[in-house]
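Chains as they are written, first to last, in numbering that gives the first Met the number 0: chain A, 0 to 786; chain B, 0 to 238.
Keep in mind the hints are simulated off the structure, nothing from the lab.
Using N, Cα and C, we set each Cβ at its ideal position, and we do this for glycine too.
Certain hints may be false.
[Said to hold, decoys possible] Counterexamples of contact, computed for chain A against chain B with all Cβ distances above 12 Å:
hint : residue
1    : Pro429
2    : Ala542
3    : Arg698
[To be verified] To spell it out: a stretch of chain B is covered by chain A in this simulated footprint if at least three of its residues, at any positions, have a beta carbon under 8 Å from a beta carbon of chain A; those stretches are:
hint : stretch
4    : 20-28
5    : 128-135
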Amino acid sequence: MRMLDLKLLRDLRGMKGQTAATALVMACGLALMVIAGATHTTLETVRDGYYRDTAFADIFCELKRAPVYVESAVAGVDGVALVETGVKGAGVLDLPGFREPVSCLVNSLPAGRDRRLNAILLRSGRLPDDGGRDEAVVNEAFAKAHGFELGDSLDVTLHGARRRLRICGLAISPEHVIEIPPGGLLPDPLRFAILWMSERELSQALGLSGAFNTLAVRLSPGANAEDVKAEIDRLLLPYGGLSAFDRGRHGSARLVNDEIEQLKSLGVLFPAVFLGVAAFMTSASLTRLVKLQREQIAQMKAFGYSSLAAALHYLKFAVVPVLLGTVLGGVFGVWGAAAMIPIYQSVFNLPMLSIRLDWGSLLPAMAASALVTFLGVLGAVRHAASLPPAEAMRPEPPVDYSPSFLEKLGVHRLTSPSFRIALRNLERRPWQSFFTALGLAFAAAIPVFPGVMADGLDYLVDFQWGMSQRQDATVTFVEPLGAEALPALLRIPGVMDREPFRTVPALVRSGHAERSVAVFGMPAAQRLQRILDTKGEIVPLPASGLLLSATLADVLRLSPGDRVRVEVREGHRPVIDAAVAGVVTDYSGLGAYMEIGALRRLLGEEGTVNGANLVVDETRWDDFWRSVKGLPALATVYAAASERESFIRTTVEMVGMQQTLYYFFSLVVAFGVIYNGARIALSERARSLATLRVLGFTRREATAILLFELGLLTFIATGPGLLLGTYLTKLLLNMANTEAVRLPFVLQSKTYIIAVLNVLFSTLCSFAAVHGKIARLDLLSALKSAE
Amino acid sequence: MTERGAPLFRARGITKVYNPGTEAEVRALDGIDLDLFDGELAVLLGASGSGKSTLLNIIGGLDSPTDGALFFRELELSGADDRELTLYRRRVTGFVFQWYNLIPSLTARENVALVTEIADDPMTPEEALELVDLSDRMDHFPSQLSGGQQQRVAIARAIAKRPEVLLCDEPTGALDVNTGITVLEAVEKVNRELGTLVLLITHNSVISEMAARVISLSAGRIQSIHENESRAPACALSW
Chain A
0 MRMLDLKLLR DLRGMKGQTA ATALVMACGL ALMVIAGATH TTLETVRDGY
50 YRDTAFADIF CELKRAPVYV ESAVAGVDGV ALVETGVKGA GVLDLPGFRE
100 PVSCLVNSLP AGRDRRLNAI LLRSGRLPDD GGRDEAVVNE AFAKAHGFEL
150 GDSLDVTLHG ARRRLRICGL AISPEHVIEI PPGGLLPDPL RFAILWMSER
200 ELSQALGLSG AFNTLAVRLS PGANAEDVKA EIDRLLLPYG GLSAFDRGRH
250 GSARLVNDEI EQLKSLGVLF PAVFLGVAAF MTSASLTRLV KLQREQIAQM
300 KAFGYSSLAA ALHYLKFAVV PVLLGTVLGG VFGVWGAAAM IPIYQSVFNL
350 PMLSIRLDWG SLLPAMAASA LVTFLGVLGA VRHAASLPPA EAMRPEPPVD
400 YSPSFLEKLG VHRLTSPSFR IALRNLERRP WQSFFTALGL AFAAAIPVFP
450 GVMADGLDYL VDFQWGMSQR QDATVTFVEP LGAEALPALL RIPGVMDREP
500 FRTVPALVRS GHAERSVAVF GMPAAQRLQR ILDTKGEIVP LPASGLLLSA
550 TLADVLRLSP GDRVRVEVRE GHRPVIDAAV AGVVTDYSGL GAYMEIGALR
600 RLLGEEGTVN GANLVVDETR WDDFWRSVKG LPALATVYAA ASERESFIRT
650 TVEMVGMQQT LYYFFSLVVA FGVIYNGARI ALSERARSLA TLRVLGFTRR
700 EATAILLFEL GLLTFIATGP GLLLGTYLTK LLLNMANTEA VRLPFVLQSK
750 TYIIAVLNVL FSTLCSFAAV HGKIARLDLL SALKSAE
Chain B
0 MTERGAPLFR ARGITKVYNP GTEAEVRALD GIDLDLFDGE LAVLLGASGS
50 GKSTLLNIIG GLDSPTDGAL FFRELELSGA DDRELTLYRR RVTGFVFQWY
100 NLIPSLTARE NVALVTEIAD DPMTPEEALE LVDLSDRMDH FPSQLSGGQQ
150 QRVAIARAIA KRPEVLLCDE PTGALDVNTG ITVLEAVEKV NRELGTLVLL
200 ITHNSVISEM AARVISLSAG RIQSIHENES RAPACALSW
């Protein structure tokens, strides 16, 4: 081994704590990058392959009922390569041993062939026999949640008639990668099922023989999707067609896409912070090292080593933490991604997710982190290279101190000498102080994100099931019913009160922006379901006009007082220009609300309802469930408590894991930055420290003076760090919030307290580690050396 | 021998061995017997490696002997633990080193105040600096002071707590003659005006002329203890 490399190894042994701390911070950044990158690449690759293999369609449309010959008209539209039609309908399952009725969506499978578009992927069993009756394929998640196996029976009520189906296969479908039950916020495989039956049988059951009510289209290459959608809308208008939409508006496809996009943004922001902090740490310790080794550098040069050799030698000090950080980060990252992917597997119904590393973006990222580190140490390395031997042989000129800025203001009269030592050291090296403080600020900032997320979810639960929805259960009807349905609801055992609603699908438009939404008509009294503003106050429903959710108003660029075009897609399809009466808060989907009477007048109806919110006597739930299971007019029945419990169960695991991860990362950054700073301070001031000990200062008092300056920086950095965390969290939430799901920004003092405690804990740990070093400090040799 | 009363320090058989039992074993001190008395100015004279610094460090509570007994009044330093030695240094000793070891980020006055803050009955930093004739340099930082001035600040810092013993380890070693003399004058003044026991180590025999007693060390043993008939004032020294 060359002597210089031997020196490198020996010197590194003395700096192993700092090298390890730097490598760890770097590893955190790279690990986050690998986790987010691998997860998003895995999801994206598997999804794309899955969509391709199952011929996932480009355009979708639902309609009331069209004769099968209309299909060929759609096939003839310019730009359409392939059409697949089918039927679908809502049903209710009555599962033995499960007291609530379970809603399901039943789709058709063409006879004697695979679907041309949106094929299902069988995980076990087979498709329904052409001739065999009463067979169904069931979605795998639902079967798993309830423990159903092939050959088991299901009692389903379809279009008012109850029948028994035998499970002949378990499958997943590209249309239902992530499936959120109507009215829900998250997937709930216990309470929502997807079934596939033979088209002949399902059409009969739904009264749609010789007709279809759903349509999917594959576009020809180069086709204009907007033109095709407009043409389909025109063709299907007489058949009760809702607006045609593309993958961007497809419920499942959009949610999957949102998740992948979120992972992409998460994979950039935090890793950048970690890598920046690590680069600074390397730079600070290397700058110190070069100063300490002035004389050694001079000797090397005096022996005839070139400036380049000296520069390369010191550059190698930076290579070690980079290599160590890269390996550690890679291992952590792959391990973390392997732990994350099963969680995604449980939410996304995709074929087997096997981890895929995104080398294409990972390698440049690693190169970038190495580059940033090298740029950070460039100053120190250049200094080492440019030292003329004669100058370097002399000890460094004494440091010129002067009274600090604060002292000139007269503050020093209030402060002790130890405080002044700290203040002057900070002022003498403003950049090092600034970057140390910045690192600490980030350490304080990181835990704000998971804190806000957890509190946001808590608030969401409280908002959704406490403030906004005060009903115990919600029922929807298979078809809109007349006014007589309401008294009938009160005859269901246990029902004490009911509040009706009427919803219609509609296209809302303003300028070029348009969205398909359900307009929700509800009584002005808002006794059970209530519409709230950001402060949680009830927003009164206007006698005419609409209330829009803030997100919808945003998408359509509308403010209260503006007018919006509403094209109803039901009945005689009225089109009106309605006033936007107000903007309200909600956290999922795009809501539009009207007073129920106004909506009925718009539809030309009287007293119609789609469903109702109910108050149920808590002692009579069993009677209630038994009774509703036998009511064929009901399409869905949901208990608010079950929805709430399912939501909490699903989110707790994911949030818990993220919280642990971020707290850990924050601890590492704070520990790394403080420990590195303390080691540098110790090496710079070993002599002062020894002097203090000789003067009779106890070890603790001497340590306190040394660490006071870092304590001061921690103190100074924490406040701005919390603000920085708040800002970054808002940025991340903005990136993560979508039209489908939004998380409110809820900041509670406990988030800040935890962040501060996190930083304090790391600070104390690194102080304890440095205190140990001070205990072992050799007083005499520190004092005997020349300055 | 003049009448001196009970000694302030009593050393009996002090031995210090570094790396005992190894090939690198060094016997720095080998059975030192020595008494030091209140108010005297004693010089430890010896060549490099004679063990004088080791002895000074043990007397100052910076190091412990391998063998033997050392008493400061009734307090046995030879068996004291780190906490006791810290307290001892805080209350009893003042140190001056060859390298001044001032805190670079504190002014002269503040360097002295660093000690007066933790002492029981200190003089004010101003008084201490006045004693070493630095009243006009009190608010200067170390980097703004000459070597001699820095060493005098170090002396002021050492004596500000009114120590019972002032230990000086080659205080002029890094200074030229004239500057060295001003530093020795300050040491002499402290001994005379405050009556502090001063133990000064040097390899420069000229300096020993200002001492009442000269203790010569060689190879870790006391070669001789010589009492000066008449002490030369520091200002009369020259080397």
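Cross-check of the supplied hints:
The beta carbon of Pro429 of chain A sits about 14 Å from the closest Cβ of chain B, which is more than 12 Å, so the claim that it is off the interface holds. With a closest Cβ-Cβ approach of about 75 Å to chain B, Ala542 of chain A is found to remain outside the 12 Å limit, as its non-interface label requires. The beta carbon of Arg698 of chain A sits about 7 Å from the closest Cβ of chain B, which is not more than 12 Å, so the claim that it is off the interface is violated. Check on the stretch 20-28 of chain B: 0 of its residues sit with their Cβ under 8 Å from a Cβ of chain A, so the three-residue criterion for coverage is violated.
Restraint check on the stretch 128-135 of chain B versus chain A: 0 residues with Cβ-Cβ distances below 8 Å, three needed, restraint violated.
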